[in-house]
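Enquirer: Protein sequence lines correspond, in order, to chains A and B.
Using numbering that gives the first Met the number 0, the letters of the first sequence correspond one by one to residues 0 to 119.
Using numbering that gives the first Met the number 0, the letters of the second sequence correspond one by one to residues 0 to 145.
No wet-lab data here; the hints were simulated from the structure.
Quick caveat: nothing in here was measured; it's all calculated off a predicted structure.
Hints are not guaranteed to be accurate.
[As the list claims (entries may be wrong)] Within a straight-line C-alpha distance of at most 16 Å, the following computed EDC-like cross-link-like pairs (lysine to aspartate or glutamate) qualify:
no.: 1; chain 1: B; residue 1: 56; chain 2: A; residue 2: 45
no.: 2; chain 1: A; residue 1: 91; chain 2: A; residue 2: 2
no.: 3; chain 1: B; residue 1: 56; chain 2: A; residue 2: 47
no.: 4; chain 1: A; residue 1: 92; chain 2: A; residue 2: 2
no.: 5; chain 1: B; residue 1: 72; chain 2: A; residue 2: 47
no.: 6; chain 1: B; residue 1: 56; chain 2: A; residue 2: 42
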Amino acid sequence: MRDQRLWTWHVGAGIVILVFLGLHMAIMHVDTLLGVFNAPRTEAIDWENVVHRAQSAFFVVTYVVLLGTALFHGLYGLRNIVFELNPTSGLKKAVNVVLLIGGIGLFGLGAWAAIASRAL
Amino acid sequence: MLVNKGRPNRLGIAGWLGGGRWGFERYLFTLHRVTGLGLLLYFLMHIFVTTSRAFGKQAWETAMSLVTGPLFKTGEYLVFLAFAFHAVNGIRLVLIELGFGVGRPIEPVYPYRTSVDVQRPLAIGVMVVAAIIAVLGGVQFMNSLR
Chain A
0 MRDQRLWTWH VGAGIVILVF LGLHMAIMHV DTLLGVFNAP RTEAIDWENV VHRAQSAFFV
60 VTYVVLLGTA LFHGLYGLRN IVFELNPTSG LKKAVNVVLL IGGIGLFGLG AWAAIASRAL
Chain B
0 MLVNKGRPNR LGIAGWLGGG RWGFERYLFT LHRVTGLGLL LYFLMHIFVT TSRAFGKQAW
60 ETAMSLVTGP LFKTGEYLVF LAFAFHAVNG IRLVLIELGF GVGRPIEPVY PYRTSVDVQR
120 PLAIGVMVVA AIIAVLGGVQ FMNSLR
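Assemble the whole structure, with the sequences as input and the hints as a guide.
Expert: Following this line, the structure appears as structure tokens:
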């Protein structure tokens, strides 16, 4: 039952990622063609564009949502792959603990960076 | 409570590459996993690199200088390709999980028919969409190398 619920979240997270990562990819990788997200004749990673996005509440919220959903989706997918290899129950518990602590730690780091960058 | 006492997964990771008379969709499954693992690895590194922006312009530009050049640009485009494939194939998997694109249930009467033939146009369609996205990203990639 618990795994059914986690699988549903995994699929739901995939849909959320599709929207927000699609937007992120459009900004970072296709904007030469679209030309709507970044200042003319600049790269998405140029500092002025980074600051512009960092100060926008919309981008901060989308970064944190994308961070959380992508970490859950990716780490749960990794857990499924590892569990399919029939590890011992002790190893399964260890994998669960490592992925949970690692995921929370990475979420904390990324969310802190997104929120702290608003002061740039 | 139901307990799965079936045959364990004896093929392991080697089973991703081949294990019988597999169709196109079975290789999409393997590619979905490989691209997913690649995207996860990139994402974990991406969190650390982009966190540098919180420390100011100099830290950001130092971090960006470490991940520049044709090698990293090519790697970045491979990540983009993995994203394009994983995203559109993920849409296909969600549609199939919800029962779309697999045809109506039918009586199992000989000669048996497989729903794989019904699913095939969806699989081919999403690969065409992935290819279009890959080309659009490729144009930006080529521009960034100039």
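Enquirer: Now tell me if each hint is right for this structure.
Expert: Comparing the hints with the structure gives:
no.	hint	result
1	B:56 <-> A:45	holds, 10 Å
2	A:91 <-> A:2	holds, 14 Å
3	B:56 <-> A:47	holds, 9 Å
4	A:92 <-> A:2	holds, 14 Å
5	B:72 <-> A:47	violated, 21 Å
6	B:56 <-> A:42	holds, 15 Å
Violated hint: 5 only; the structure is consistent with all others.
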